[in-house]
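Visitor: Please build the complete structure, drawing on both the sequences and the hints.
The lines below spell out each chain.
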Amino acid sequence: MEVGAALLEGAQSAGCRAIAVVGTAKNVGKSVTVGAICAALARTSVPFAVVSTGRDGESVDSLRGTPKPPLFLRPGALFVTARSLLPAGPAVEILAQTRERSAVGAIVLARARAAGCYEIAGPPSVAGMRRVLDLVRTWGEPFVVLDGALDRLAVLSEGDEAIVVATGAASGRTVELIARDVQSLVRRLQLPLFDVQRPSYEVSGALTLAQARALALAGERRQIVVHDATRVAFGGATFGELAAQLDLRCRHVLRPIAVTTASVGPERFFEPRALLCAVARATRLPAYDVFAQACA
Amino acid sequence: MSGLWTVSSAAAVGVPWLERAIAPATEFGRRYNAQHAPYRPGDESLALAAIVRIQAVAQRISADTLDALHAKISRTPDPAEAVARARADEPLNDAELFDLTGFLDIVAEVRALGEAIVMPEIELPPLPVELREVLATGRTAAGTFYLDDRFDPALAAARADAAGARAAYDVLRSRLLERIGRYANVERVHDGGFILMREQMHGPLPPEVRVVREAATYLLCEVALDEAALEALRACEDADRRVVEIEERLRIGLGGAVRAAQRELEGGIAALGALDAFLARVRFAQRYETVVPEIVDVPEIAFVEGRYLPLAAALSEHDRTYLPISLALQGIGVITGPNMGGKTAALRTCGFLGACLSFGLPVPAQSARLALFDEIAWLGSEAARHDESLLSSFGSEVVALREFFERGARAPLVLIDEFARTTTPHEARALLIGLLESLRERNACALAATHLGAIAGALDAAHYAIVGLQKLQPLDEHRALRLDEALTRISAAMDYRIRRVDGETVPQADAMALAAALGLDAELLARARRHL
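Chains as they are written, first to last, in our numbering: chain A, 156 to 451; chain B, 102 to 633.
Hints should not be assumed to be uniformly reliable.
One-sided and incomplete, this derived list gives chain B residues near chain A with beta-carbon spacing under 7 Å [as the list claims (entries may be wrong)]:
(1) W118
(2) I162
(3) P178
(4) D195
(5) A196
(6) F246
(7) E348
(8) L424
A few chain A positions that, by computed beta-carbon distances, are all more than 12 Å from chain B [said to hold, decoys possible]:
(9) Q167
(10) A251
(11) S280
(12) R292
(13) P297
(14) E331
(15) R368
(16) A371
(17) G395
(18) S418
(19) P441
The hints are simulated quantities; they were obtained by calculation from the structure and are not laboratory data.
Backbone N, C-alpha and C define an ideal beta-carbon position, used for all residues, glycine too.
Guide: Put into structure tokens, the structure is as follows:
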């Protein structure tokens, strides 16, 4: 079993043309998961593109200063990055200049022509990300690997992307807390489709915690319908509590297909199999440990 | 375009709308506009030449060709930064070389399109042919850019070496990973740090495993390269370094070629900016059916069927008809008429046409004769409020007026909308007469909209009046009043034409009739009529 290949197969068998990897926290192995998927794609010779909703592939986490794994790409891989992050060498092929900007400058679409480590960066807004994804797809409809942030998942509401949730030791103090946290996130991402036959209350924009509490307090029995799961603006235990009281639904379903775990974090580490099994049990999704090449 | 109007005056006469309507598609087009000040008194022949050129092209070029040129120009990358860096002897990066090739391709396409339509009025940007040929080596059929092997045979050889060295290293590293995998009984260990569960371990660890951290049930490890793999890695890094060195040398050489063509490139950027700004004006002229005005050097503004385009556009969005107006004003004048009759719109039309001329644009009218002004000022109801907490409406108007005089414009167009309407009518009248007298002395062109009587007569100034309300259709008392219907009825009954009034007439406001049409309580209106 090879985790990258397994995740890719999971997405492709679900009919998805993209995988978005989102993390429950910083340093939970999101970039490692992205790298594993890219490596698997490179072995299959499926054309692919890597896009980030933030900045990735840099050697040090710019927020915490902790070491980060480089994003190693083989020739042919497309990637979206800022002009200022283009490597001095090896030269890359510049495919297109976009009108989008990231925190580190204007965004371009490039193709790796030599094996090497690359930094990727994407636009900060959902609308900008959609435009970038549209541009990427004009280059031969590549399979897209999206290094995503949870709050930018709205970009996925078109429906043909699989979601892989990355969690790990950095996400909580105990295995149980980590499992509960990722369970809540996965449940949120799995918000079911609304039933047209039954009465519903449509939420325009985001469902806030205050709104949800008020609806629960009023004993609302109708379906509470949001556009997609990303419009539910609260998570964690609060989500579990309110989801038990309200019939939360969405118009566009998202497709979380797996969870990856990183048992080693900058401040603590757990027994890998215990974490993997706890997460698999809590989420009822296939769980993979990229470092141990194990699944549960 | 600062200096010709204040922010509030610009807003009152539709300058922001006009700026959007003639906005260039590119950054260098915007730079061109920023570098070119509006026309002022003294620039009459220059302004006329610019307008004639725009109008001539607008009449002959097809909308399709204009759109094609606009589409090409709008996707032109801006190479200004790359040119500046090359000039400063800094190496260019691949994205900048991509910009330059894209820019040169579009210049060539624009030239081809421009040469095909044969219009001497369109100045085409120069094309640095030699630089384009040099950079074309990196241009692919798909329009991308890459420091291609064809630039330098040494680069091809170095890349082949690097690819070979990488492959050799990959083979050796894969063997190590496979050996570890066999030891751990897994298909493949993660390359770049992996976990070995103690239950996976059979006998002593193989030499290619380096332990980073030990725990009770597992080991956190990484791959330890053997001598052969280390040697291959060194060879790989050396080969990569050679590629990077040649690429860098190549970029420096290309930077030199850019530097050599710097003058032509800068000329091309400026010319494309000018063309972008020019074509935006041509589109404006074509879209809004403009004419070349007669430009005079006396304070005058006269037009037939003039259109205030921001209002016409807003009405069109609501499926309402806009009626052009005609006016001929020399020096100072007064305009009176009913509420909702278009007095303010007449002032705005004057200001808008004046602004068009300042921008060197043909004007939206059937014919027009007007002067260039050194300020277009809006005074009265929409003049800027300086300090909301301290100044009343009247106070704000007075401060705006004082500031206008302090600016000392020598040939202004002054549009006065119900000046001092919030003070007592007899003092307001006196102030307005005094203001217009002062403006006349300063050789201004000024038009004042007012409900106050006997202003024009007191000044012996031209008096214009909106024809006003004709027969209003009676309101169906059994139907609830809807505002849009009421406005349609009023609009249908209103004659917006402006006529010159000989002598003094009592200004007609039609306030009672309009209030009734807008649904004001009939009993209240009856009471009011008793006091007329």
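Visitor: None of the hints should be skipped; say for each whether it holds.
Guide: Taking the hints in turn, this is what the structure says about them:
no.	hint	in the structure
1	W118	24 Å, violated
2	I162	27 Å, violated
3	P178	6 Å, holds
4	D195	5 Å, holds
5	A196	4 Å, holds
6	F246	5 Å, holds
7	E348	5 Å, holds
8	L424	40 Å, violated
9	Q167	19 Å, holds
10	A251	8 Å, violated
11	S280	21 Å, holds
12	R292	15 Å, holds
13	P297	14 Å, holds
14	E331	18 Å, holds
15	R368	39 Å, holds
16	A371	41 Å, holds
17	G395	30 Å, holds
18	S418	7 Å, violated
19	P441	16 Å, holds
Hints 1, 2, 8, 10 and 18 from the list above are not met by this structure, while the remaining hints are.
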